[in-house]
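Add chain L to chain C, keeping to what the hints say.
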Amino acid sequence: MITLGIESSCDETSIALLEDERIIRNKIFSQQEHSLFGGVVPEIASRAHLDKIDRLTISVLNEASIKIGDIDLISVTDSPGLAGALLVGISFALGIHTASGIPITGINHLEGHICSVFFEHPQLRYPFLALVVSGGHTAIYKIIATGQYECLGETVDDAAGEAFDKVGKLLGFAYPAGRAIEQTAASVENSSNPISFPIAQVSKIPGLNFSFSGLKTAVKYYTSSKDDAFILDNRPRICAAFQNAVIESLVNNLWKASEQTGISDVALVGGVACNGALRSALKNRFNNRVYFPIPSLCTDNAAMIALAGYYRNQNGLSRFPRLDPSSSL
Amino acid sequence: MSWVLGIDTSSVDMGIGLFKNEHAVASYSRYVKNSHAEHISQAVEHILSVNNVLPSDIKHIAITCGPGSFTGLRIGIAFAKGFSFANGALVHPVSSLHVLAHAARTHTGSITAAIDARNGDVFQATFECINGKIERRSEDCVCSKDEFMQSILPDSVIVTDTMGYAKSTVFTSISSINIHLPIETFPIKRGYFCASTGASVLGDSSAWINEIDLHPNYLRSSAARIPSPKG
Numbered sequence: 002m003i004t005l006g007i008e009s010s011c012d013e014t015s016i017a018l019l020e021d022e023r024i025i026r027n028k029i030f031s032q033q034e035h036s037l038f039g040g041v042v043p044e045i046a047s048r049a050h051l052d053k054i055d056r057l058t059i060s061v062l063n064e065a066s067i068k069i070g071d072i073d074l075i076s077v078t079d080s081p082g083l084a085g086a087l088l089v090g091i092s093f094a095l096g097i098h099t100a101s102g103i104p105i106t107g108i109n110h111l112e113g114h115i116c117s118v119f120f121e122h123p124q125l126r127y128p129f130l131a132l133v134v135s136g137g138h139t140a141i142y143k144i145i146a147t148g149q150y151e152c153l154g155e156t157v158d159d160a161a162g163e164a165f166d167k168v169g170k171l172l173g174f175a176y177p178a179g180r181a182i183e184q185t186a187a188s189v190e191n192s193s194n195p196i197s198f199p200i201a202q203v204s205k206i207p208g209l210n211f212s213f214s215g216l217k218t219a220v221k222y223y224t225s226s227k228d229d230a231f232i233l234d235n236r237p238r239i240c241a242a243f244q245n246a247v248i249e250s251l252v253n254n255l256w257k258a259s260e261q262t263g264i265s266d267v268a269l270v271g272g273v274a275c276n277g278a279l280r281s282a283l284k285n286r287f288n289n290r291v292y293f294p295i296p297s298l299c300t301d302n303a304a305m306i307a308l309a310g311y312y313r314n315q316n317g318l319s320r321f322p323r324l325d326p327s328s329s330l
Numbered sequence: 276m277s278w279v280l281g282i283d284t285s286s287v288d289m290g291i292g293l294f295k296n297e298h299a300v301a302s303y304s305r306y307v308k309n310s311h312a313e314h315i316s317q318a319v320e321h322i323l324s325v326n327n328v329l330p331s332d333i334k335h336i337a338i339t340c341g342p343g344s345f346t347g348l349r350i351g352i353a354f355a356k357g358f359s360f361a362n363g364a365l366v367h368p369v370s371s372l373h374v375l376a377h378a379a380r381t382h383t384g385s386i387t388a389a390i391d392a393r394n395g396d397v398f399q400a401t402f403e404c405i406n407g408k409i410e411r412r413s414e415d416c417v418c419s420k421d422e423f424m425q426s427i428l429p430d431s432v433i434v435t436d437t438m439g440y441a442k443s444t445v446f447t448s449i450s451s452i453n454i455h456l457p458i459e460t461f462p463i464k465r466g467y468f469c470a471s472t473g474a475s476v477l478g479d480s481s482a483w484i485n486e487i488d489l490h491p492n493y494l495r496s497s498a499a500r501i502p503s504p505k506g
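Chains as they are written, first to last, in the working numbering: chain C, 2 to 330; chain L, 276 to 506.
Calculated from the structure, these hints are not laboratory results.
Owing to the predicted nature of the structure, the values given are computational and were not obtained by experimental measurement.
A virtual CB, placed ideally from N, CA and C, is assigned to each residue, including glycine.
Careful, some of the hints might be misleading.
Under 8 Å between C-beta atoms, here's a sample of chain L residues computed to sit facing chain C [unchecked claim]:
no. : residue
1   : Asp332
2   : Phe360
3   : Ala482
4   : Ile487
5   : Ser497
6   : Ala499
Excised from the complex, chain C in its bound form:
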């Protein structure tokens, strides 16, 4: 079965082709122009998606020597994300569907991220816990079966990846700043005088929730109390302290979720799943019962959307795309 995946929820236009669960092609066009603005500008993202989506699709089909008539299913991200950006992918997919009659299914972007772990670990069995961490989302889900998810906790303000970008801006890194912070933090050797930032405890809302805006503010106050030369000299220590606070928050809540549910298998997915320090911390805490997608499939991509669509189709759970920019599964 050939599935065409279409992803346009934020600043990556991506088209993929799958044969059952195997990736034939997965092309991603990352929009670079947002770095000028320190974050994703929705209107610019929407325009860029429209510029690229058909060219990318033609290129993927040509490279794979697959014709439109060979496609059995169209799987398109329809939520959550930037409304204008999602609409480009959905409308393009609907155009193909209407002209060709190829069945179509809408896919929740987070469901796609969760499915991305199966490319590398097809042996992973339900139920498992998924920690979804990206620039737009931070949440823990109990994955019961295909299409069955229970949210155990989520961020009440900034996403973890968003906190990385905002702190990166405070420290003078270009957007996106996740990789730069990780690399800079890694240059710290055993510090005798570590900086410590607070880890938020969210108790007013039931669930294993996260908060990162206070952490970002703590870094802001810390840096504003120091001169530029001090910050430049101590950037690695600040990065390490910030990153440790984020990781501790994520690992602690995931551990509590594991204790509460009795589920030991966990998956780390989303853009922040590329972070090596987070991967190491989870491996240590969960005794290696933690599963990651390969780094190239952690960031937004259409292969994961196609796979989620394939699973839904196989389980009779396909649904017509609908625009729902709400941020959870």
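Okay, now just chain L, sitting in the frame of chain C:
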């Protein structure tokens, strides 16, 4: 025999039209805000199926490319791109101001078509109606409200579209000397006129392009790219 599918999603009302050669076959309009993407697929399927036309029969699509609602334009263009990519149809880009001017098609003489571009600006173009045919007299452009008011000829019919913006004020100063046709009061079958524009150039191969060359005519940069007055 050539079928022409017309699609207009540039404003609040979505229009789909169908022509068989130069003959009108069907038209569909839907006036609901923020719902084009939700209904475009069903609207096209419906208009084709009730007229016993297969999607594969559609080899020509006339589509409004702007100016207008940025999101609305992208919905129609992305849909047309997907449709054409799947069945090889050629596309003919149509100006939404040209479609709008058809509201004054019974008038002989000058027509100014204008759309509220927000922030006190107007998208506008002038046309002339000769024997029921709308001929272009100026290119689509964006200008300030004052420039728009100064450009209006005394004998011109003004067709305006606020794109559903209830607080629109850019057209409130239009003189009573001019005949003013607000599209909210005098709605037109946008899809029909879009398809008819396409049908009128069926014999001109240079008027039809591949979907890959189809681009929206926003007439305006993203607000983020416009320097703020504060710098």
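Tested hints:
no., hint, verdict
1, Asp332, "violated, 11 Å"
2, Phe360, "holds, 6 Å"
3, Ala482, "violated, 20 Å"
4, Ile487, "holds, 6 Å"
5, Ser497, "holds, 4 Å"
6, Ala499, "holds, 4 Å"
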